[in-house]
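Here is what each chain is made of, one letter per residue.
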Amino acid sequence: MNREPPVSWITGIGLTSFGRHPGRQTLDLMSEAAQAALLDARLERGQVDGLLTGYSTTFPHLMLATVFAEHFGLRPAYAHALQVGGATGFAMVMLAHLLVDSGAAQRVLVVAGENRLTGQSRDAAVQVLAQVGHPEYEVPLGATIPAYYGLVASRWIYERALDAGSRAPDDADSLHWQRELAELAVLMRRHAAGHPGAQFREPIGLEDVMASKAVASPLKLLDCCPVSDGAAAFVVSRSRGDGHAVRIAGTGQAHTHQHISAAPSLVRYGAAESMARAAAAAGFGPRHCRYAAVYDSFTITLAILLEELGLAPAGEAGRCAREGEFSAGGRLPLNTHGGLLSYGHCGVGGAMAHLAEAHLQLTGRAGERQCGQPERAVLHGDGGVLSSHVSLLLAREG
Amino acid sequence: MSEEPRDWTRGAEGIAFQRCSGCGHAWYFRRSFCPACGAPEPRAVQASGAGRVHAVTEVARAPSEALRARAPYCIALVDADEGFRLMAHVERGTHIGDRVQARFLEFGGRPVPVFFKANP
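Protein chains in written order, with the working numbering: chain A, 1194 to 1591; chain B, 5 to 124.
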């Protein structure tokens, strides 16, 4: 193949606050974000000819994109929903990128949201999410999403303790590495304090994380992202327009397994493979980026992804956070809106908030959170249990 | 051995896995072909129940009211000696690297594999 890499632009973003939006349904929240994205891109409804939506656990539907198009008032030439768990938001952006390049659409609205917090009971949310596990071989064991990630974290701690010279990792090793993970929760909370839309903004310290109640060892409550109501939307366009556009320079995916029981490895997941594909398309990689947006459903998710993407040396994600490397003035500002851990997690819209913040940073619109003038950003999301990976590389200029 | 192996996911006390007659690949989740080479008619095999702990978590927060009374309980990924990995319950205090042997105990109204530390 001897064709130019695809070119597309994110010309508008919309992001609601995350947290409690009592009485507001999936379509209400999606509409709010979509309206904001159109306003940001200076588009009228009639100019949107493509629509991609995620899914909603509180409003399961066979045809969510069509339902939304009717509700919001769109008559797109191309529309459907897409689902890859937490990776859905970035996967929709990748698809929109390919669609506008192919000519199937000129301007694609990407939107997702739901009332995941107030639209169902806590048990219902936990049970729905646990279904990413195997219905016959895993779920009957009383496994939950935190349990799957607890397994992942236990092995990460074991491997890191071995790397550090321990011959038989014990409880003291575990506590040491739990504190390293806790640094990431502290950092996300500090960042969330700067964003009025974040669900949790009160500062927390390392000891707060360590003392928070047990969920699935070694993970404690503050190692886990909350459940939130919220929504996010983007406009992906074939032409740059004259507004604040960010170029989608490269995209990639990797899918290694669905169930953690069947993961080929608990040390290396598909993140590096996915990012290598994005970097090949972009002509630059994560090391050339000065802003990072990385999926952080749990502290362990963030640690593993940062390490595998080469954004932190193995075992040093906590140290990097502690020493300010991921802060606004550091070498690689990370999730400056507070991430899933503190901005919140409303399902598909969760990771989309990461991209909304990256867009603000690249276009110099992040206000008090602005981190210099980053020209390139690295984004990575995963769905399932580190099962489905999507990488995006964004650039400020053409 | 033409008899179907006992399989806890079908209510019996046993761990079953499959092996490909063509390429020798072993796996856990039941299907009608080999996921490695595509060959049909894999053999269903009874596992010995012996293995080694690869990862372990103690679940403090059960997913349903019915299971709440059973918490905390420990879930592990165990590398079975036959060359496949499975999720199961595990005795409290078990660590990664421990040799373990499966027994079967009731959980959520059915027998589930629970691994106990094996005598070295």
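The hints are simulated quantities; they were obtained by calculation from the structure and are not laboratory data. Since we're looking at a predicted model, the values are computed, not measured. Glycine residues also receive a C-beta, built at the ideal position from the N, C-alpha and C atoms. Please note that a few of the clues may not be correct.
Among the chain A residues that face chain B by a calculated CB cut under 10 Å, a handful are [to be verified]: (1) Phe1265; (2) Leu1288; (3) Val1319; (4) Pro1362; (5) Asp1363; (6) Met1403; (7) Ala1404; (8) Lys1406; (9) Leu1414; (10) His1448; (11) His1452; (12) Ser1454; (13) Arg1470; (14) Ala1472; (15) Gln1566.
Derived coverage of chain B by chain A (criterion: at least 3 residues anywhere in the stretch with Cβ under 8 Å from a Cβ of chain A; other residues may be distant) [as the list claims (entries may be wrong)]: (16) 73-80; (17) 104-111.
Selected chain A positions facing chain B (Cβ under 10 Å, derived; list incomplete) [to be verified]: (18) Gln1313; (19) Ala1323; (20) Val1325; (21) His1327; (22) Glu1331; (23) Pro1333; (24) Ala1336; (25) Asp1356; (26) Pro1411; (27) Leu1459; (28) Cys1564; (29) Gly1565.
Here's how the hints hold up against the structure:
no. : hint    : result
1   : Phe1265 : violated (34 Å)
2   : Leu1288 : violated (27 Å)
3   : Val1319 : holds (5 Å)
4   : Pro1362 : holds (7 Å)
5   : Asp1363 : holds (8 Å)
6   : Met1403 : violated (15 Å)
7   : Ala1404 : violated (14 Å)
8   : Lys1406 : holds (7 Å)
9   : Leu1414 : holds (9 Å)
10  : His1448 : violated (14 Å)
11  : His1452 : holds (8 Å)
12  : Ser1454 : holds (5 Å)
13  : Arg1470 : violated (23 Å)
14  : Ala1472 : violated (29 Å)
15  : Gln1566 : violated (43 Å)
16  : 73-80   : holds (count 6)
17  : 104-111 : violated (count 1)
18  : Gln1313 : violated (13 Å)
19  : Ala1323 : holds (5 Å)
20  : Val1325 : violated (12 Å)
21  : His1327 : holds (7 Å)
22  : Glu1331 : holds (5 Å)
23  : Pro1333 : holds (6 Å)
24  : Ala1336 : holds (6 Å)
25  : Asp1356 : violated (14 Å)
26  : Pro1411 : holds (8 Å)
27  : Leu1459 : holds (6 Å)
28  : Cys1564 : violated (36 Å)
29  : Gly1565 : violated (40 Å)
Of the numbered hints given earlier, the model fails hints 1, 2, 6, 7, 10, 13, 14, 15, 17, 18, 20, 25, 28, 29; all others are met.
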